[in-house]
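*Asks:* Sequence:
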Amino acid sequence: MPTWVRRTEVGEVDTLPKILRATAQRFGQTRTAMRQKDRGIWRSFTWEGSFVQTRDLCLGLTRLGFQRGEKACIIGDNDPQYFWAQLAVQSMGGVAVGIFTDSSPIEIEYIVAHSDATLVFAKDQEQCDKLIEIKPKIPNVKRIIYWDQKGLWSYDRDWLLDYAEIQELGARLQEEQPTLYDELVNVGKAEDYAIFCYTSGTTGQPKGAMISHANLIGGCDLTLEVDPRTENDEYLSFLPPAWITENVLGLTIHLRTGMIANFPEAPETIQENLREITPFVQLFSARQWESLVALVQVKMTEATWINRLLYRLFMPVGYRVASLRYEQHKPISWIWRGLYAVGEFALFHPLRDKLGMTRIRSAYSSGAAQSPDVIRFFRAIGVNIKQLYGSTEAQTHTLHIGDDVRFETVGVPLPGMDIRIGAGGEIIIAGPSVFHGYYKDPSATKTALEIDRDGKRWFHTGDAGHIDENQHLIYLDRLEEMIPLASGEQFSPQFIEGQLKFSPYIRDVMTVGADDLSFVTALINIDF
222 MPTWVRRTEV
232 GEVDTLPKIL
242 RATAQRFGQT
252 RTAMRQKDRG
262 IWRSFTWEGS
272 FVQTRDLCLG
282 LTRLGFQRGE
292 KACIIGDNDP
302 QYFWAQLAVQ
312 SMGGVAVGIF
322 TDSSPIEIEY
332 IVAHSDATLV
342 FAKDQEQCDK
352 LIEIKPKIPN
362 VKRIIYWDQK
372 GLWSYDRDWL
382 LDYAEIQELG
392 ARLQEEQPTL
402 YDELVNVGKA
412 EDYAIFCYTS
422 GTTGQPKGAM
432 ISHANLIGGC
442 DLTLEVDPRT
452 ENDEYLSFLP
462 PAWITENVLG
472 LTIHLRTGMI
482 ANFPEAPETI
492 QENLREITPF
502 VQLFSARQWE
512 SLVALVQVKM
522 TEATWINRLL
532 YRLFMPVGYR
542 VASLRYEQHK
552 PISWIWRGLY
562 AVGEFALFHP
572 LRDKLGMTRI
582 RSAYSSGAAQ
592 SPDVIRFFRA
602 IGVNIKQLYG
612 STEAQTHTLH
622 IGDDVRFETV
632 GVPLPGMDIR
642 IGAGGEIIIA
652 GPSVFHGYYK
662 DPSATKTALE
672 IDRDGKRWFH
682 TGDAGHIDEN
692 QHLIYLDRLE
702 EMIPLASGEQ
712 FSPQFIEGQL
722 KFSPYIRDVM
732 TVGADDLSFV
742 TALINIDF
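The numbering of the sequence shown is this note's numbering, which starts it at 222 and goes up by one.
It should be emphasised that the hints constitute simulated quantities derived from the structure, not laboratory data.
One or more hints might be untrue.
What the hints assert, rightly or not - Here are the simulated DSBU-like cross-link-like pairs (lysine-lysine), alpha carbons at most 30 Å apart as the crow flies: (1) Lys344 - Lys661; (2) Lys410 - Lys371; (3) Lys661 - Lys356; (4) Lys344 - Lys356; (5) Lys258 - Lys520; (6) Lys410 - Lys661; (7) Lys258 - Lys371; (8) Lys677 - Lys661; (9) Lys410 - Lys575; (10) Lys410 - Lys677; (11) Lys344 - Lys258; (12) Lys667 - Lys677; (13) Lys363 - Lys344; (14) Lys351 - Lys551; (15) Lys410 - Lys363.
Can you make the complete structure from the sequences, with help from the hints?
*Replies:* Following this line, the structure appears as structure tokens:
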């Protein structure tokens, strides 16, 4: 049975603020909800403390005149204040719109204006300066609320307000009207929009995907069915909070299960903080996993001769065992088991300790197709890395479940998600996590969403792929990146190159094909 709460005395737990309230009632001051490292010290927040922070901020926003249905943009790193701001906005029926911290003023201007935001949360002086630069172009924004005061003491206080001061306003309102927050939260419904997630804009201007509370909770619960979490699990929140993946697999699962969310001191301290926390569950982008492999390789060149020798001796053992288990799907002989056990003591466990992964149970790679070499490396040292395929519009589509891991695939559909392959090999997705359309863009919505006779929403991903005999999805590439041949067939250079790189004898490869050729060839750089 699931350990998370679906109902409370106030009724169905169908929005994120209701889940926060229910989980806070369940754990109160007895369990830690969040930790944040600040100036070298880990600061903890209980569930009751996290709830009070959200409640007071929400009530403070009502003092400022923020109304149900309005939008608030949030620009910040992974901090408790970011998630409290998001939950506070949602508590009163507003929509939270995340913006990446590396966005330029022009990019911020577009999202703030397009989303019709009337309020913006900004972490620090850097983000406030961007907003001040575009102030004449975002006239609908009534207030900017910041939570890092450094360098902002002399700024215009009519437009810029301190996060803590808004919470103080809310705390006073709570004393005057102690039932107001519950009344605001109780009005919320599952079909209310919780967030707008803007796409990357690689094919034009970014589009705002409208995602409801039901979408977030549905996607969260599907994941929990195959990978359960508990209040004892530790998670390091590092992916950008404006990204849908962090919202679902980070924030929503944190609220749903009581999993402890930990926030690093800064992006550059991620590896140090990861080792301090040693999480049970970790989610990185494909590039971040690649960076960890590069880090290990660099450190090994600087290691003592004995450590370099152990690395050269036992990494081939790890690769062999991983290949037998996950590529060839063959039994592992007692000889290889014995060698791996020695390698676990001499190399693999110390490596995982340096990476902060001694307790890792589930490690996910998302955001792009993962390099086979990276997957093989982590599987070789005993890290249970899994491919995750998803999108802003439909969250997690497929996942490697349990030990059913095949390096060439992106896993199987989560229970409750339906996948079909459409014309041209397009991957089409349906399920409770599929979004409701693009904000103020009916044309793009019509292209992306198909509603069947039963009312089920099917999302056209724009990705090419096929389902193999084991019901695993093989992702090829974006449809526009597929190259046609003279025979009428299409091929993905990225997919073929990735498969060829599985060979330890191939260093690099480039495929060659065109619509006037009936075959595909490749230029191969051999690794002797």
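*Asks:* If a hint holds in the structure, say so; if it does not, say that too.
*Replies:* To see whether the hints hold, each was checked on the structure:
1. As the CA atoms of Lys344 and Lys661 are separated by approximately 28 Å, the hinted pair is consistent with the 30 Å bound.
2. Proposed proximity of Lys410 and Lys371 is contradicted: the alpha carbons are some 38 Å apart, above 30 Å.
3. Between Lys661 and Lys356 the CA atoms are separated by roughly 23 Å; this keeps the pair inside 30 Å, and the hint holds.
4. This hinted pair checks out: Lys344 and Lys356 have alpha carbons roughly 17 Å apart, not beyond 30 Å.
5. For the hint pairing Lys258 with Lys520, the CA-to-CA distance comes to about 25 Å; that is within 30 Å, so the pair holds.
6. Among the hinted pairs, Lys410 with Lys661 is consistent with the structure: their alpha-carbon atoms are about 22 Å apart, no more than 30 Å.
7. Only pairs whose Cα atoms come within 30 Å are accepted, and Lys258 paired with Lys371 is accepted, the gap being roughly 17 Å.
8. As the CA atoms of Lys677 and Lys661 are separated by approximately 21 Å, the hinted pair is consistent with the 30 Å bound.
9. A C-alpha spacing of about 45 Å is found between Lys410 and Lys575, which places the hinted pair above 30 Å, so the restraint is violated.
10. Of the supplied pair hints, the one linking Lys410 and Lys677 holds, its CA atoms being roughly 19 Å apart against a limit of 30 Å.
11. For the given pair, Lys344 sits about 16 Å from Lys258 by alpha-carbon distance, which is consistent with the 30 Å threshold.
12. Taken as a hint, the Lys667 and Lys677 pair is honoured in the structure, with Cα atoms around 14 Å apart against an allowance of 30 Å.
13. For the proposed pair Lys363 and Lys344, the alpha carbon gap of about 17 Å is at most 30 Å, so the pair holds.
14. A distance of roughly 57 Å separates the Cα atoms of Lys351 and Lys551; the hinted pair therefore is violated under the 30 Å criterion.
15. In summary, the hint linking Lys410 to Lys363 is supported, as the alpha carbons are separated by about 27 Å, within the 30 Å threshold.
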